[in-house]
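Chain order of the listed sequences is A and B.
Going by this note's numbering, the first sequence opens with residue 22, and the numbers climb by one from there.
Going by this note's numbering, the second sequence opens with residue 29, and the numbers climb by one from there.
Please keep in mind that the hints were generated in silico from the structure rather than gathered at the bench.
Hints should not be assumed to be uniformly reliable.
Computed cross-link-like contacts, PhoX-like style, restricted to lysine-lysine with a CA-CA straight-line distance of at most 20 Å [as the list claims (entries may be wrong)]:
no., chain 1, residue 1, chain 2, residue 2
1, B, K34, B, K455
2, A, K90, A, K110
3, A, K175, A, K206
4, B, K34, A, K308
5, A, K110, A, K158
6, A, K182, A, K204
7, B, K34, B, K124
8, B, K151, B, K34
9, A, K308, B, K388
10, B, K455, B, K85
11, B, K133, A, K309
12, A, K319, B, K133
Since the structure is predicted, the reported quantities are computational estimates derived from the model, not experimental observations.
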Amino acid sequence: MKNRASVVVIGGGVVGNSIAYNLAKRGVEDVVLVERSFLASGATGRCGAGVRQQWGTRQNCLLARESMKVFENFKDTLNVNVDIELKQKGYLLLAYSNNELEQFKKNIKVQNSLGIPSKLVTPQEAKYIVPDLNTDKLIGGAFCPTDGHANPFKVTYGYSKAAENLGVEINKFTEVNEIKTEKGKIIGVQTNKGFIETSKVVDAAGGWSQQIAKMVNAELPVYSERHEILVTEPIKPVLDPMLMSFSYNIYCQQTPDGSFIMGYGPDNEPPSFDMHSSWQFLETMSKKAVWLLPPLNKLRIIRQWAGLYNMSPDKQPIVSKIKEVENFYVACGFSGHGFMIAPAIGVLMADIITESDLTYNVVLDIERYKRGEIISEPSVV
Amino acid sequence: MNNIEKAELIVVGGGPAGLSAALAAADYGVNVILVEEREFLGGQLVKQTHRFFGSEKEYAGTRGIDISKFLVEKIKENENIKILTSSRVLGIYNDKIVTILANNKMIKYSPKALILATGASEKFLAFENNDLPGVFGAGAVQTLMNLYGVLPSKKILMVGSGNIGLIVSYQLLQAGVKVACIIEAAPRIGGYSVHASKLARMGVPILTSHTIKKAVGKDKVEGAIICQLDSSWREIKDTEQFIKCDAICLSVGLSPLTDLLKQANVKTSYVPELGGYIPLRDENMETSIKNLFVAGDVSGIEEATSAIIEGQIAGLNVAKRIKKDIDNQVKIEKKIAEAKDELELLRAGPVGEKVRNGLKKIGLDPLKNYGEKVSTEEFDISFLMKTGIPSKENLKKKLPLSEDVFNKGPIAISECFQQFPCDPCVKSCPFDAISENGSINNIPYVNFEKCTGCGICVSKCPGLAMFVVQKNYTDSTSLVTLPYEFLPKPVKNQIVLVLNREGTEICEGTVKRVRDGKIQDKTTVVTIEIPKEYFLEARNIKVDGGQKHG
Ligand SMILES: Cc1cc2nc3c(=O)[nH]c(=O)nc-3n(C[C@H](O)[C@H](O)[C@H](O)COP(=O)(O)OP(=O)(O)OC[C@H]3O[C@@H](n4cnc5c(N)ncnc54)[C@H](O)[C@@H]3O)c2cc1C
Ligand SMILES: Cc1cc2nc3c(=O)[nH]c(=O)nc-3n(C[C@H](O)[C@H](O)[C@H](O)COP(=O)(O)OP(=O)(O)OC[C@H]3O[C@@H](n4cnc5c(N)ncnc54)[C@H](O)[C@@H]3O)c2cc1C
Ligand code: SF4
Ligand code: SF4
């Protein structure tokens with residue numbers, strides 16, 4: 022391991038790797054990434070793998086659209102031979118109330134203005150897209166054919182390979198225990214494998230980002246929350262798009278290998294770092310899933326697990342420097358959709374660190390909460 | 029959502045450990061739910077047609093399947109035990125709820141205590157073409173043959189010479205499958221010498237310091253290429269050898285089935301001596317999680333005997349915690365102490381060293397009462413452990429000191445030279461003529477003064493290591509009485525071929541007596557008349573149309 026770095030990126034999830042790659046691509050040398058376990062061991066490797074552009078805020082739509090461009094041309098953009106298993110069979114969002122449908126209409130307007138090809142669908146059209154769908158109580162939906170999902174392990178691996186090709190050092194099983202400062206300036210990072218002298222640190226520690234920030238006495242306005250998920254045995258392809266309902270709080274997709282991945286947003290889940298599974302999830306999830314797609318009742322569940330959402334006050338990410346400590350940067354608060362926008366986040370963070378103009382017209386700095394410039398994202402599970 | 033049933037104790041796994049755990053706790057009135065994923069109870073035992081080693085107290089000398097039947101009957105009689113077969117425990121959650129898949133439904137229990145006795149899974153080996161049809165695990169071969177009566181192949185190569193490799197090879201021969209050879213990467217046979225000797229007597233070569241390089245065949249196994257290894261386990265050049273066979277059986281060890289324990293967040297540690305990741309636990313079999321106990325192979329690969337005792341210890345400790353009346357406490361305490369002593373004794377000999385080293389690694393003291401005065405091998409058995417054939421020096425030590433003793437009449441010869449925990453010979457002799465000098469780990473000796481040559485011990489010894497010889501049957505012939513476990517059985521006055529300890533044919537013999545009654549329990553005791561010069565050589569027979577040889 023190098024004992025000196027220009028920038029130390031903490032966290033080997035999709036975000037950390039995307040940042041490391043984008044820094045190296047801008048010509049920043051001696052970038053070192055540290056991950057306490059294996060790559061994608063955090064939320065990234067545990068996520069639902071959905072990539073959608075149907076968001077409610079212009080910013081999220083923009084970030085998702087720009088990221089989708091990268092997913093679509095992954096090999097060429099990153100110059101790595103990694104197949105990320107992108108399946109673009111759309112996202113079908115389901116509406117069960119007029120309020121929901123109205124919100125979809127508003128969202129679609131924003132989306133269409135950015136060139137995202139989403140549209141409103143009737144229950145009949147929804148049934149046509151997903152023949153197994155239970156359309157009981159369904160009043161409509163929104164569909165974007167270019168949404169879909171990709172393999173988060175492969176995406177992370179692709180970014181890390183591309184970063185390594187450009188000279189980034191990736192250290193797995195290396196945990197940051199302390200960030201050393203002198204007179205408010207960072208002087209280095211203490212890991213369990215040794216000390217790395219550096220003046221710049223990027224906190225991309227996902228659900229643990231607030232803990233890393235505490236190492237420099239910074240308080241981040243985020244908290245972590247357990248979200249559970251499961252995977253079934255594989256069967257022949259029957260479900261094209263990712264299905265999602267905000268009122269029933271669930272999502273469900275069929276991966277290219279045929280297994281279904283599904284999860285739901287829990288009620289009253291307290292903030293915690295707990296990543297244990299619960300039997301309650303199995304019961305509730307299977308009921309919800311079978312109600313939505315009745316033929317699933319024959320499927321066997323293979324595995325269940327959980328990961329952390331890192332929640333921000335407006336459910337939009339924080340990609341920012343921190344006032345309290347010079348050269349300490351954070352990319353956190355992804356509120357359950359950090360995978361699909363990770364390509365754009367890497368670009369933004371590289372802009373910030375190299376003090377360039379922001380590539381995208383977005384406001385994601387941490388000071389926005391004090392300024393009161395918040396537009397909350399309405400469409401999350 | 030809240031249909032959670034309460035329970036006192038849930039035992040997961042219906043092998044010897046789980047069965048004995050359930051019984052031990054239920055005997056003190058604990059309500060037990062015994063959960064087994066297969067449709068029947070018994071675990072590994074149901075496919076073990078051979079007689080078990082170990083202590084007579086834990087049913088040594090009895091066949092595995094019969095031990096299983098006996099325990100299962102006791103379980104079924106016990107009103108405190110509810111049996112759930114075809115039921116798999118799916119998870120043990122943070123709130124201590126146990127989920128079980130039974131009849132395609134997930135049911136939930138909230139137990140006061142849990143004993144996990146989930147056993148082990150087989151290890152696999154990496155070599156070229158190891159995915160060809162015809163490459164089996166030893167467990168699969170055993171299940172096919174002994175449970176479902178299906179022959180896995182016609183001629184097999186056995187990889188691994190631990191007890192399982194040796195026993196399964198023997199069972200293959202019994203089923204009529206040829207065993208091309210047994211190869212072992214280590215310079216020494218891994219299992220007990222008596223098992224190896226049985227195979228040597230049948231002419232099956234055991235090649236130590238050999239490994240498999242690749243399986244050969246187009247759509248299925250048609251042979252294998254093996255090679256020799258040097259002392260640092262590197263391939264020796266130009267030692268490749270083609271072995272013709274239509275199946276390859278891998279018997280390269282077991283690893284504890286700890287998935288459920290890991291899911292329950294029990295602390296584990298990697299201890300190769302005990303098979304891989306094992307749960308940390310105390311001497312009462314309790315893990316890092318209170319009221320969660322383990323027993324048997326899941327707590328470290330050992331044997332059925334230790335699994336049974338560990339099950340008892342775990343079951344008794346649960347009883348002690350749940351049934352709080354003073355009277356029981358004293359009784360239970362005493363039983364626990366006894367069981368611990370027995371376990372310690374079982375592990376005290378030279379073959380227990382690996383297990384002891386493993387246990388020390390997780391902070392247990394496996395020889396509390398013995399200090400360090402553990403016996404080292406009494407004999408130099410290096411040749412025996414390379415070939416399965418006892419050396420002349422080994423034999424000399426077990427024969428009478430004076431030739432005159434043979435003149436007295438029939439006497440038993442015990443061809444058992446290794447120290448391991450086993451005592452059916454001692455326990456079966458009605459004349460008290462065999463002794464192990466007070467320790468189950470010692471080598472048994474026959475007291476030729478006391479021995480009447482009755483031959484009872486011949487069928488009781490699980491190692492088939494007891495023989496009776498009568499040197500002066502006539503002026504020119506002797507009688508040799510030996511155990512025989514193949515079909516067809518010989519009949520009186522039949523002429524059979526006689527083999528020595530290396531499986532070489534040495535002469536013909538005439539069958540004088542065949543004992544095949546209830547006490548023999550399928551280990552036929554055959555007495556043959558042979559030329560006198562061979563009375564110390566003749567140790568096996570070949571019956572026409574009977575056993576197939578290597
Ligand atoms: C159940 C679930 C479903 C989801 N579904 C989706 C979805 O469909 N689409 C989508 O876009 N997003 C989804 N998300 C959200 C998405 O997974 C995350 O937003 C995204 O993965 C965040 O990436 P990250 O790199 O910031 O964090 P992580 O992947 O969590 O990476 C942070 C890394 O930091 C490491 N780390 C922590 N502390 C230290 C330390 N002290 N030293 C060194 N390393 C440290 C961790 O080990 C971890 O690997 C889902 C999340 C969950 C939990
Ligand atoms: C060929 C061979 C020969 C042997 N010879 C001897 C010998 O001579 N003497 C001797 O002492 N020992 C011998 N052994 C070893 C002995 O068989 C094992 O040590 C013993 O069976 C271990 O007992 P156990 O109860 O721990 O596990 P097992 O017998 O393996 O039983 C575990 C049970 O748990 C069940 N189970 C697992 N997971 C779950 C779940 N999630 N839910 C419900 N049920 C579950 C399994 O189906 C299984 O029935 C031999 C073993 C083999 C393979
Ligand atoms: S032959 Fe009979 S008397 Fe002699 S040791 Fe065996 S059982 Fe005992
Ligand atoms: S001779 Fe005795 S100790 Fe040796 S294998 Fe036979 S029964 Fe066991």
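Going through the hints against the structure:
Between K34(B) and K455(B) the alpha-carbon distance is near 44 Å, which puts this suggested pair outside the 20 Å criterion. Distance check on the hinted pair: K90(A) and K110(A) sit about 15 Å apart at the alpha-carbon level, within 20 Å; holds. Between the alpha carbons of K175(A) and K206(A) the distance comes to roughly 36 Å, so the proposed pair goes past 20 Å and is violated. The straight-line distance between the Cα atoms of K34(B) and K308(A) is roughly 24 Å, outside the 20 Å bound, and the hint therefore fails.
Between the alpha carbons of K110(A) and K158(A) the distance comes to roughly 24 Å, so the proposed pair goes past 20 Å and is violated. Taken as a hint, the K182(A) and K204(A) pair is broken in the structure, with Cα atoms around 36 Å apart against an allowance of 20 Å. Restraint check for K34(B) and K124(B): satisfied, since their Cα atoms lie roughly 11 Å apart, inside the 20 Å limit. Under the criterion of a C-alpha separation no larger than 20 Å, the hint pairing K151(B) with K34(B) is inconsistent with the structure, at around 37 Å.
The straight-line distance between the Cα atoms of K308(A) and K388(B) is roughly 48 Å, outside the 20 Å bound, and the hint therefore fails. A threshold of 20 Å between alpha carbons decides the hint, and for K455(B) with K85(B) the separation of about 10 Å falls inside it, so the pair holds. Taking the CA atoms of K133(B) and K309(A), the gap is near 17 Å; set against the 20 Å cutoff, the hint holds. Proximity of K319(A) to K133(B) is assessed by CA-CA distance (about 12 Å); at most 20 Å being required, the pair is judged to hold.
Comparing the model with each numbered hint stated earlier shows that hints 1, 3, 4, 5, 6, 8, 9 do not hold.
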